[in-house]
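Chemist: Residue numbers (my numbering), protein chains in the order written: chain A, 1 to 338; chain B, 1 to 338; chain C, 1 to 338.
Simulated from the structure, these hints should not be mistaken for lab results. Since the model is a prediction, treat every value here as computed from it, not as a measurement. Beta carbons: idealized from backbone N, C-alpha and C, even for Gly. Among the clues, some could well be false.
Claimed, not checked - Derived Cβ-Cβ restraints for the label pairs, each shown as a range:
#, chain 1, residue 1, chain 2, residue 2, range
1, A, ARG283, C, ASP90, 52 to 60 Å
2, C, LYS89, B, ASP310, 16 to 24 Å
3, C, LEU338, B, LYS222, 51 to 59 Å
4, C, GLY84, B, LYS337, 44 to 52 Å
As the list claims (entries may be wrong) - Which chain B residues face chain C? A few, computed with CB under 8 Å, are given here:
#, residue
5, THR54
6, SER55
7, THR58
8, LEU62
9, GLU215
10, ARG299
11, ILE317
12, ALA320
These are the residues of each chain, in order.
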Amino acid sequence: MTKRDFITAEEYGADAVDRILDLAVKVKQGKVLGGLERKVMANVFLDPSLRTRTSFETAMFLHGGHAVVLEPGRSSWTWETESGAVMDKDTVEHIREAAAVLGRYADVVGIRSFPRGSDWNVAREDHIVRDFARFCEKPVVNLESARRHPCQQLADTLTLREKLGDTKGKRFVLLWSWHPKPLPTAVPASAALAAAHNGMEIVIARPEGYELDPEDTALIRKITQERGGGFVHIMDDPDEAMASADAVYVKSWGSLKYFGHPEEEKAHRAGLRDWRMTEQRLRSTRGGKAAVMHCLPVRRNVEIDDAVLDGPSSAVIDEAENRLHVQRALLLDMIGKL
Amino acid sequence: MTKRDFITAEEYGADAVDRILDLAVKVKQGKVLGGLERKVMANVFLDPSLRTRTSFETAMFLHGGHAVVLEPGRSSWTWETESGAVMDKDTVEHIREAAAVLGRYADVVGIRSFPRGSDWNVAREDHIVRDFARFCEKPVVNLESARRHPCQQLADTLTLREKLGDTKGKRFVLLWSWHPKPLPTAVPASAALAAAHNGMEIVIARPEGYELDPEDTALIRKITQERGGGFVHIMDDPDEAMASADAVYVKSWGSLKYFGHPEEEKAHRAGLRDWRMTEQRLRSTRGGKAAVMHCLPVRRNVEIDDAVLDGPSSAVIDEAENRLHVQRALLLDMIGKL
Amino acid sequence: MTKRDFITAEEYGADAVDRILDLAVKVKQGKVLGGLERKVMANVFLDPSLRTRTSFETAMFLHGGHAVVLEPGRSSWTWETESGAVMDKDTVEHIREAAAVLGRYADVVGIRSFPRGSDWNVAREDHIVRDFARFCEKPVVNLESARRHPCQQLADTLTLREKLGDTKGKRFVLLWSWHPKPLPTAVPASAALAAAHNGMEIVIARPEGYELDPEDTALIRKITQERGGGFVHIMDDPDEAMASADAVYVKSWGSLKYFGHPEEEKAHRAGLRDWRMTEQRLRSTRGGKAAVMHCLPVRRNVEIDDAVLDGPSSAVIDEAENRLHVQRALLLDMIGKL
Numbered sequence: 001m002t003k004r005d006f007i008t009a010e011e012y013g014a015d016a017v018d019r020i021l022d023l024a025v026k027v028k029q030g031k032v033l034g035g036l037e038r039k040v041m042a043n044v045f046l047d048p049s050l051r052t053r054t055s056f057e058t059a060m061f062l063h064g065g066h067a068v069v070l071e072p073g074r075s076s077w078t079w080e081t082e083s084g085a086v087m088d089k090d091t092v093e094h095i096r097e098a099a100a101v102l103g104r105y106a107d108v109v110g111i112r113s114f115p116r117g118s119d120w121n122v123a124r125e126d127h128i129v130r131d132f133a134r135f136c137e138k139p140v141v142n143l144e145s146a147r148r149h150p151c152q153q154l155a156d157t158l159t160l161r162e163k164l165g166d167t168k169g170k171r172f173v174l175l176w177s178w179h180p181k182p183l184p185t186a187v188p189a190s191a192a193l194a195a196a197h198n199g200m201e202i203v204i205a206r207p208e209g210y211e212l213d214p215e216d217t218a219l220i221r222k223i224t225q226e227r228g229g230g231f232v233h234i235m236d237d238p239d240e241a242m243a244s245a246d247a248v249y250v251k252s253w254g255s256l257k258y259f260g261h262p263e264e265e266k267a268h269r270a271g272l273r274d275w276r277m278t279e280q281r282l283r284s285t286r287g288g289k290a291a292v293m294h295c296l297p298v299r300r301n302v303e304i305d306d307a308v309l310d311g312p313s314s315a316v317i318d319e320a321e322n323r324l325h326v327q328r329a330l331l332l333d334m335i336g337k338l
Numbered sequence: 001m002t003k004r005d006f007i008t009a010e011e012y013g014a015d016a017v018d019r020i021l022d023l024a025v026k027v028k029q030g031k032v033l034g035g036l037e038r039k040v041m042a043n044v045f046l047d048p049s050l051r052t053r054t055s056f057e058t059a060m061f062l063h064g065g066h067a068v069v070l071e072p073g074r075s076s077w078t079w080e081t082e083s084g085a086v087m088d089k090d091t092v093e094h095i096r097e098a099a100a101v102l103g104r105y106a107d108v109v110g111i112r113s114f115p116r117g118s119d120w121n122v123a124r125e126d127h128i129v130r131d132f133a134r135f136c137e138k139p140v141v142n143l144e145s146a147r148r149h150p151c152q153q154l155a156d157t158l159t160l161r162e163k164l165g166d167t168k169g170k171r172f173v174l175l176w177s178w179h180p181k182p183l184p185t186a187v188p189a190s191a192a193l194a195a196a197h198n199g200m201e202i203v204i205a206r207p208e209g210y211e212l213d214p215e216d217t218a219l220i221r222k223i224t225q226e227r228g229g230g231f232v233h234i235m236d237d238p239d240e241a242m243a244s245a246d247a248v249y250v251k252s253w254g255s256l257k258y259f260g261h262p263e264e265e266k267a268h269r270a271g272l273r274d275w276r277m278t279e280q281r282l283r284s285t286r287g288g289k290a291a292v293m294h295c296l297p298v299r300r301n302v303e304i305d306d307a308v309l310d311g312p313s314s315a316v317i318d319e320a321e322n323r324l325h326v327q328r329a330l331l332l333d334m335i336g337k338l
Numbered sequence: 001m002t003k004r005d006f007i008t009a010e011e012y013g014a015d016a017v018d019r020i021l022d023l024a025v026k027v028k029q030g031k032v033l034g035g036l037e038r039k040v041m042a043n044v045f046l047d048p049s050l051r052t053r054t055s056f057e058t059a060m061f062l063h064g065g066h067a068v069v070l071e072p073g074r075s076s077w078t079w080e081t082e083s084g085a086v087m088d089k090d091t092v093e094h095i096r097e098a099a100a101v102l103g104r105y106a107d108v109v110g111i112r113s114f115p116r117g118s119d120w121n122v123a124r125e126d127h128i129v130r131d132f133a134r135f136c137e138k139p140v141v142n143l144e145s146a147r148r149h150p151c152q153q154l155a156d157t158l159t160l161r162e163k164l165g166d167t168k169g170k171r172f173v174l175l176w177s178w179h180p181k182p183l184p185t186a187v188p189a190s191a192a193l194a195a196a197h198n199g200m201e202i203v204i205a206r207p208e209g210y211e212l213d214p215e216d217t218a219l220i221r222k223i224t225q226e227r228g229g230g231f232v233h234i235m236d237d238p239d240e241a242m243a244s245a246d247a248v249y250v251k252s253w254g255s256l257k258y259f260g261h262p263e264e265e266k267a268h269r270a271g272l273r274d275w276r277m278t279e280q281r282l283r284s285t286r287g288g289k290a291a292v293m294h295c296l297p298v299r300r301n302v303e304i305d306d307a308v309l310d311g312p313s314s315a316v317i318d319e320a321e322n323r324l325h326v327q328r329a330l331l332l333d334m335i336g337k338l
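Pulled out of the complex, with its shape left as it was, chain A reads as follows (with noise of 0.2 Å):
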C-alpha cells in the first residue's frame, strides 16, 4: 500500500480533486454519514489557526473519528527541522522522531508551517512539511505550506463554482492588496490554482516587483490552458484589472525579492496603501457585484473596506465553511470506509 500525502492539489491530481468536489457537494448536504469510525487525525500547528483547526476537528467529528491538536513549541516540545543537526542548542525533538511517533497513533497527520529563514531558495522548497511525510508513515496532509495552502484551495474551487455556476471562461481576478506585514504566497498561489482548475480567465493584479514564484506562476498558466481559461493576465493597475471581473480574490502578499528582510521590504510598500477592495472598486466588476474572497484572517479596512464584507458580495464567510466541507470528503478520500 503506498500512501497518498495531500501536500499539493496538483500532485494528488486533477481527477481526485474533481473527485473530492463532487463528494464534498453531497457531505453538505448531509447526505453522508460516518465513514470515519475509530480514525484519528493527528495536527501539527508550528503557526496559528482558527479556521484548519476548527474544522478539522470538526470533520473528524461529524464522521465518527478524533483529532490531535499539537502545538510545538508551545503544549509540545520545540522541533528540530534540520538533517543531520547536533542538537545542543534549543531544539529538544527532532521532526523524524515526531513524523514517525504521529504517523503510529494517528491514521492521518496534518502540518502547517509557514515559511522560514531568509532565503526563498530555500523555504520554497517546503522541506518541513515535505520532510514531515517522507518520515510519517501515514498519509500528510499540508494545512499551509510555505507554498501552499491545498485545504484552501478545494474550498475555493468549491466556493466559485458555487458563486458563479458555470465557471468555464469566467474572469478571476487575484488582487494583491496592502498591509503592514508580508505575507506568505501560498493562499495567492492557491487561489490561482484553484481558479486555474476550474478553467478560469485569469488576472492577476499586482504591484511591480510583487510576482509569484515563477514557478507557481508557470503552474497557473499551465493548468488554466489545460482546464479551458485561456489566458493569465498580469497588470499592475488594480482599477483596470477590475473590469468584467465575475471573481476578485484579495490577498496580500510579500516581495519575494526581499523575503525574511521586512524592514527592507516595508520601504517599498510604502506608497501601496491604496491597493484595497473597496466599494468603488467592487462597482467596477461585472454588473457591479462580482464575488468577493479572501482565505480570511482578512484585516477590515486594510484588506478590504467594510463596505464590501459586510456586503451582499462577500463571499469570505462560505469560503470559510467550505473549508469544512471540502475537508471531510478529503478525509474520506484519503482514509475514510465509504
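Dock chains B and C against chain A, hints included.
Modeler: For chains B and C alone, coordinates are given in the frame of chain A:
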C-alpha cells in the same frame, strides 16, 4: 427560527431557568442519555479557564457531542473587537468574521471575555460578547463576561437548592473578601441573582466603595421581590453580616470607582485584609453551619481559610460539579434532540 | 470502593503490571474494542508533552471515551502546590481544589509534574503528584513525576519483551549520555525497573557522580533479584558496558548532587560529551545488534547518533507506539467496563 443566546439568565427567562434546573437534576441522576449526537460546541477563551472548559467539553461528550476549544492570541489569531477599526496594527482577525465562521462550523458557540479597558461605562455594556452573539448565526453561551457568569449562576442556583432544600426566605450573604487584585463583578452579581431567583433574603456585605453596578443591584432587588425573597440588605460589617446566614457566598471584586486603575485601588483596599471567611465567622452563621460557597479558583487563607474550605460546610466542590450538570441541561435545552 | 492510583508500577503491583501487559498485547492486535464508553480522562500537564498527550487522547477515543487536556499557567490558572499557603502572590488556584474538581468531572485523572525547586530531598517525595492523588476522588495516573514515568515503564517493559523474546537473564544496559541540560531521573529509574521486572541482568553505566537516587537503585536491585535477573552492575566506562548487551537504553540525567543548580553541574559534565551512543559502540553489543532504546524526545548526535537512530537496531519508535497500547490496557484495567 430565531436563535436564543444565553448571555444572561434573566434574558433567557426565569421559566427557562427553572426548566433547565429541573432537567439538571435528572441529568445528575444519570437519567438522561444522549441528545447531542453530531452536535459541535466551539468555545472561545479570551481569558483562562479550568472548570468552564473541562465541564463543557465533558458535557458535550457525555451526550454524544464534541467541544472545540479556541484561544485567540495563543493558539489562534489575535482578535479586533472594535467596529469600523482600520486593522493596520496588532489585531489580525475581526470578531465579526470569527463569530460568523464559528457559527458555520458549530451548533452552539461559547465565549469568555473578562472586562477590559479602563472605563466601566464601556466595559459594562459587554459589547464583545454581545457583538459576538450578533455576528454569529448560532446560539451563543456567555462563558463569563464583564457583567455576568450565567453558567456559574445556574450552578449556584442548583447548589443552593441542594444545600438548603426549600430556599424561600432563607438568608444568603454575599461576602466581599480581600484579594491582591481587583477582580470582576460578574460572579458576585450572578451569585446574588441566583439567590434572588431562589426567593432568598439577601445580604450584600462589602466595604464602603465596593458597590456592585447600580443596575445589577436594582435587578437583584427586583427579582428578590418578584420571587418572594423580601429584602436586600447592604452592610459594611462582615461580622454582623454572618448572623442567621444560611449560605455565605465569599467573593472578592474590585471597586468600580477605580475600574481599570488597579494601582489607585490598591491603596483603597490596603486596610481590608480582615475581610476573609474564617472559622470564627462561620460559627456566627445559623447553627454555625451555613453553606460556604465560592465560584473557584479561590485564594486559600486570603479569601477563605483552610479550616473552612476543608470543613463540612464547604460547598465549593459541589458548586463546581454542578457546573457540569447545569451545562448539560442548558445544552440540551438550547440545541438538544430530546 | 477504594480507588487505585497508578503513581508507580511497583505500588500498582507486579501481577497487575503483567496483567496489563498481557492485555496490551491483545489491544495491539486489535482484539479489544470499546470498554471506555462515556468515560472521561482529564490530563493535567504542568510540563510539555507530545507522546503522552497524543497517546492518551487516542487511547481514550479508540475505546469510546474522551480525554480533556489542561495546562495550568497557560490555558488554565497557575497552581499553588504548598499546603497551608497564604495565596496572596501569583498562584491563583490550589491543587486541592483543582484535584477535587477534576475528580468530579472525570473518571480518571492524569498529571505530569517534573521535579521543581533546588532540594532533591523535597523533590524526591513527588508531593505534587501524590497530593493531587490524595485530593482527587478518582484514580490518578502519573504522567511523569520527579521519581517515575510509569507509563513509559510499561511501554519499555513490553518493548523489551517484543524485541528480545524471553528476557530472562538477558543483559540490559542503561547508558548515561551527555546532554546540554541536567534532566530528571524519572525515566532512567523507570527504564531500569522495566528491565528488572523482566528478570534481566542490569548494567548501569554512568560517570562518577551520576548515581540514581539510592532508594531507586535499591529497588532496582531488589526487583532484579526477585524476578530472577541476578545482578545489577554499576560501571563508569561506556565502552566496557556495551559488551554482551542485548538492549541499550540511552538516557541523560542530571547529577542529584547538583540538583537544582544547573550552572554548577555544567562544569562537572563539561568533559563528558563522549558519553553518546555511536555506531561503533553498537558494534560492541551482542551480535552488534542490541536493541537501542530511548523514551524520546532524543537529542540527535548528542545522545544518539543519526546512524544508530536511523538504523535497524533502533527501537525508539516502537517504544513510543507501545505507549499507546499499554495505556489503552492500563485505562481498561483502571476504569474499563470489560
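Chemist: Each hint needs a verdict: does it hold in this structure or not?
Modeler: How the hints compare with the structure:
For ARG283 (chain A) and ASP90 (chain C), the Cβ-Cβ distance of about 56 Å falls inside the hinted range of 52 to 60 Å, so the restraint holds. Roughly 21 Å separates the CB atoms of LYS89 (chain C) and ASP310 (chain B), a value that falls within the hinted 16 to 24 Å. At roughly 56 Å, the beta carbons of LEU338 (chain C) and LYS222 (chain B) sit within the given window of 51 to 59 Å. Checking the proposed 44 to 52 Å range against GLY84 (chain C) and LYS337 (chain B) shows it holds: the Cβ atoms sit about 49 Å from each other.
Of the supplied interface hints, the one on THR54 (chain B) holds, with its beta-carbon coming within about 5 Å of a beta-carbon of chain C, less than 8 Å. Of the supplied interface hints, the one on SER55 (chain B) holds, with its beta-carbon coming within about 6 Å of a beta-carbon of chain C, less than 8 Å. Because the beta carbon of THR58 (chain B) sits about 5 Å from the nearest beta carbon in chain C, less than 8 Å, this interface hint is met. Evaluation of the LEU62 (chain B) hint against chain C yields a held restraint, the C-beta minimum of about 6 Å falling below 8 Å.
Residue-level restraint check for GLU215 (chain B) is violated (minimum Cβ-Cβ distance to chain C is 29 Å; threshold 8 Å). Annotation: ARG299 (chain B) was flagged as interfacial toward chain C, and the flag holds, the nearest CB pair being 4 Å apart, inside 8 Å. Hint on ILE317 (chain B) holds. Least Cβ distance to chain C is approximately 5 Å, under the 8 Å limit. With its C-beta approaching chain C no nearer than about 4 Å, ALA320 (chain B) sits inside the 8 Å limit, and its interface hint holds.
In summary, the one numbered hint that this structure violates is 9.
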